[in-house]
Amino acid sequence: MKKIISKSLFADHDIEQFIGLQLRYGVITASTIVLIGGLVYLNQFGGLAIPPYHHFAGTEAGFTTVGEISTGLSSMNAKGIIQLGVLVLIATPILRIAFSLIGFILEKDKLYICITMVVLAVMMVSIFGGLKV
Amino acid sequence: MTILAFTLILLAGAYLAGLVGSLTGLGGGVVVIPLLTLVFHVDIRYAIGAALLASIANSSGAASAYVKEGITNIRLGMFLEIATTIGAVIGALIAVYTPTNTIAILFGAILLFSAAMTLRKKNQEALTKGSKASFRLKLNSSYPTKDGEVAYQLKNVGAGFSIMTLAGIMSGLLGIGSGALKVLAMDSTMHIPFKVSTTTSNFMIGVTAAASAVVYLQRGYMDPGIAFPVVLGVLGGAFTGSKLLTRLDPKVLKYIFCVAISFVAIEMIYNGYNHQF
Numbered sequence: 001m002k003k004i005i006s007k008s009l010f011a012d013h014d015i016e017q018f019i020g021l022q023l024r025y026g027v028i029t030a031s032t033i034v035l036i037g038g039l040v041y042l043n044q045f046g047g048l049a050i051p052p053y054h055h056f057a058g059t060e061a062g063f064t065t066v067g068e069i070s071t072g073l074s075s076m077n078a079k080g081i082i083q084l085g086v087l088v089l090i091a092t093p094i095l096r097i098a099f100s101l102i103g104f105i106l107e108k109d110k111l112y113i114c115i116t117m118v119v120l121a122v123m124m125v126s127i128f129g130g131l132k133v
Numbered sequence: 134m135t136i137l138a139f140t141l142i143l144l145a146g147a148y149l150a151g152l153v154g155s156l157t158g159l160g161g162g163v164v165v166i167p168l169l170t171l172v173f174h175v176d177i178r179y180a181i182g183a184a185l186l187a188s189i190a191n192s193s194g195a196a197s198a199y200v201k202e203g204i205t206n207i208r209l210g211m212f213l214e215i216a217t218t219i220g221a222v223i224g225a226l227i228a229v230y231t232p233t234n235t236i237a238i239l240f241g242a243i244l245l246f247s248a249a250m251t252l253r254k255k256n257q258e259a260l261t262k263g264s265k266a267s268f269r270l271k272l273n274s275s276y277p278t279k280d281g282e283v284a285y286q287l288k289n290v291g292a293g294f295s296i297m298t299l300a301g302i303m304s305g306l307l308g309i310g311s312g313a314l315k316v317l318a319m320d321s322t323m324h325i326p327f328k329v330s331t332t333t334s335n336f337m338i339g340v341t342a343a344a345s346a347v348v349y350l351q352r353g354y355m356d357p358g359i360a361f362p363v364v365l366g367v368l369g370g371a372f373t374g375s376k377l378l379t380r381l382d383p384k385v386l387k388y389i390f391c392v393a394i395s396f397v398a399i400e401m402i403y404n405g406y407n408h409q410f
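Sequences listed follow chains A and B, in order. As numbered in this note's numbering, residues 1 to 133 make up the first sequence, in order. As numbered in this note's numbering, residues 134 to 410 make up the second sequence, in order.
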């Protein structure tokens, strides 16, 4: 009995350590990509006048979908690189939910497997649900 | 002004925003929105997009440390994330139909409320007898303190969950972490010790912000030219702030900043009222 308890505690602690590391490296990776893209952006456009940011262009500005961002990346477009960093940043907490789910599965915590699935489902609806009104 | 000059000034401004946000506990995103709109006259929608990204970066960066120390209540965070993510998606959807001036006024009001919340008395006491729901949902836990592990239990789970939904809606609508509302739900309503409630709130902000960020990204709220200096600046400022916090007790600073931010909030409301956005 004692052994089982200590084993499950160990798993709990382990997954917490792992989530901590995953969050940290996600942010470090994202900000490094954003920094690289930003330096390329300044190198390419630094001397130009600032765009009219007081006017909201919406999706016309481009780089609002994964498709557009990957096209921008293949041509080494600075804005494409920055937006890749943005994608990595947004993905970091979403990935964290997925890892928590694995943690709860390892602990065989049925209630929290369900709760985590609900949160993950809301995220998926938000990503793929065509909420582009 | 050239893009280079704009980027450098914005980087410095975002750094200060991150620093002030971290020292006051308001979060860098909240400070960066008035900076972008009032000082740089950037459309509030770009400001919201950039602030959301800054919130995700801040939350994830800080959460990594707290999770490892075992202060964050991950089960509680996960349970309440149902409320905040659903709220955030609703908020992001309402945002399309809300005039920018209304958003500015609402933002000012939340900012005032948040500044007041950071100055209130904090709940240090651990509740020893929780409600039935807290047991059923396995929300009661313990956290490490200087005098060893302290166990705590919580109550008013339903009320806390409802406030969290509201916090999520505000977060999605205004592009902020709405940490103040989250702490109100956990600290004042569910009676969670404030160290657990602040770290768990911070843990949830990343996921909440990501839920609305994906919607905003697809709508073009995230401009690379603004996102780049804002994310890096706020992250750097928050990092410096967290280092400073361990060395000094910023009580006086906190009061000064909260008063200053209240004036900024009033200006946001005033400008929104006069249709300046």
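It is worth saying that the hints were derived from the structure and are not from the lab. Beta carbons are placed, not taken as given, at the ideal position from N, Cα and C, and that holds for glycine. Some hints here could point you the wrong way.
Claimed, not checked - These stretches of chain B come out as covered by chain A in the derived footprint (C-beta under 8 Å, 3 or more residues):
hint	stretch
1	314-326
2	402-409
Said to hold, decoys possible - Taking lysine-lysine pairs in the BS3-like style, the calculated list, with each CA pair at most 27 Å apart, reads:
hint	chain 1	residue 1	chain 2	residue 2
3	B	K376	B	K328
4	A	K108	B	K255
5	B	K255	B	K279
6	B	K254	A	K110
7	A	K108	B	K387
8	A	K108	B	K254
9	B	K376	B	K254
10	B	K279	B	K376
11	B	K328	B	K384
12	B	K255	B	K376
13	B	K288	B	K376
14	B	K255	B	K265
15	B	K201	B	K279
16	A	K110	B	K255
17	B	K384	B	K262
18	B	K328	B	K279
19	B	K279	A	K110
20	B	K384	B	K288
21	B	K288	B	K265
22	B	K255	B	K288
23	B	K387	A	K110
24	B	K376	B	K271
25	B	K376	A	K110
26	B	K384	A	K108
27	B	K387	B	K328
28	B	K328	B	K271
29	B	K387	B	K271
Evaluated hints:
no., hint, in the structure
1, 314-326, "violated (count 0)"
2, 402-409, "violated (count 0)"
3, B:K376 x B:K328, "holds, 17 Å"
4, A:K108 x B:K255, "violated, 36 Å"
5, B:K255 x B:K279, "holds, 18 Å"
6, B:K254 x A:K110, "violated, 38 Å"
7, A:K108 x B:K387, "violated, 44 Å"
8, A:K108 x B:K254, "violated, 39 Å"
9, B:K376 x B:K254, "holds, 24 Å"
10, B:K279 x B:K376, "holds, 20 Å"
11, B:K328 x B:K384, "holds, 17 Å"
12, B:K255 x B:K376, "holds, 22 Å"
13, B:K288 x B:K376, "violated, 34 Å"
14, B:K255 x B:K265, "holds, 25 Å"
15, B:K201 x B:K279, "holds, 16 Å"
16, A:K110 x B:K255, "violated, 34 Å"
17, B:K384 x B:K262, "violated, 32 Å"
18, B:K328 x B:K279, "holds, 12 Å"
19, B:K279 x A:K110, "violated, 34 Å"
20, B:K384 x B:K288, "violated, 30 Å"
21, B:K288 x B:K265, "holds, 8 Å"
22, B:K255 x B:K288, "holds, 17 Å"
23, B:K387 x A:K110, "violated, 43 Å"
24, B:K376 x B:K271, "violated, 34 Å"
25, B:K376 x A:K110, "violated, 39 Å"
26, B:K384 x A:K108, "violated, 45 Å"
27, B:K387 x B:K328, "holds, 18 Å"
28, B:K328 x B:K271, "holds, 19 Å"
29, B:K387 x B:K271, "violated, 35 Å"
The earlier numbered hints that this structure contradicts are 1, 2, 4, 6, 7, 8, 13, 16, 17, 19, 20, 23, 24, 25, 26, 29.
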